[in-house]
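J.: Those sequence lines, one after another, are chains X and H.
Each number in our numbering corresponds to the 1-based position in the first sequence with 3 added.
Each number in our numbering corresponds to the 1-based position in the second sequence with 1008 added.
The hints are simulated quantities; they were obtained by calculation from the structure and are not laboratory data.
Since this is a predicted model, take the numbers as computed values, not measurements.
Every residue gets a Cβ at the ideal spot worked out from N, C-alpha and C, and that includes glycine.
Careful: at least some of the hints might be erroneous.
Estimated spans, in silico, between C-beta atoms of each pair [stated by the list, open to error]:
(1) S1020(H) with P64(X): 16 to 22 Å
(2) P108(X) with K1064(H): 36 to 42 Å
(3) A5(X) with T1117(H): 27 to 33 Å
(4) D65(X) with T1117(H): 33 to 39 Å
(5) T80(X) with S1035(H): 30 to 36 Å
(6) K60(X) with P1047(H): 38 to 44 Å
(7) S1020(H) with A10(X): 40 to 46 Å
(8) S1034(H) with L42(X): 46 to 52 Å
(9) A17(X) with K1064(H): 43 to 49 Å
(10) S1035(H) with R111(X): 31 to 37 Å
(11) S1038(H) with A18(X): 39 to 45 Å
(12) N1032(H) with T103(X): 20 to 26 Å
(13) V1052(H) with T57(X): 24 to 30 Å
(14) P86(X) with P1120(H): 36 to 42 Å
Residues of chain H placed beyond 12 Å of chain X at every Cβ, according to the derived structure [claimed, not checked]:
(15) Q1022
(16) G1024
(17) S1035
(18) L1066
(19) P1089
This is what each chain is made of:
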Amino acid sequence: IAGITQAPTSQILAAGRRMTLRCTQDMRHNAMYWYRQDLGLGLRLIHYSNTAGTTGKGEVPDGYSVSRANTDDFPLTLASAVPSQTSVYFCASRLAGGHTQYFGPGTRLTVL
Amino acid sequence: TQLLEQSPQFLSIQEGENLTVYCNSSSVFSSLQWYRQEPGEGPVLLVTVVTGGEVKKLKRLTFQFGDARKDSSLHITAAQPGDTGLYLCAGPGGTSYGKLTFGQGTILTVHP
């Protein structure tokens, strides 16, 4: 069982380019989350999905979009990347009724 | 938005020393969680505290939830280099079940 996988591991991107960060879980968890992590700011929620077919905005959603076509996959798209989106991005999942979030290994994104 | 303030932000100690990390809020939380994150990895849940005044122990780590459920602390006894990492507190955030609000984190370095 892999848990949560994220791809790519790291990416350097030119400003203005479109980028999709991939997240896949094999635990059949209902809820999934995308966070960005910046030094001194902790983890901030970008978007979330409580179940396949539904999504919601988190604390810092601007410039990002998500989709949840099925239980396993929760891609995060940056339509037109800007340097302020340079960060480490973590995907997480949670089983319905549970309190624990399980995190992927992260994607380090640099926007130049 | 319920905020969690962690202190200190950085902690550098020698092996064998004791330390305490604090997580404070002006809001009441139904529960608080502590996560530990190692470099290049995602956070991993250490403990969840749910009752005011609750104390939980995990080997050399002691977690306490304040009586008023507005604060929590993590105490490490006889720290070891393997304790090095980022420690994050988190509590339920927003109206959607399962969403978490994270503190800024405490970066702990234990020198041999």
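J.: Flag every earlier hint the structure violates by its number, smallest first.
T.: Going through the list in order, the structure violates hints 1, 2, 6, 7, 8 and respects the others.
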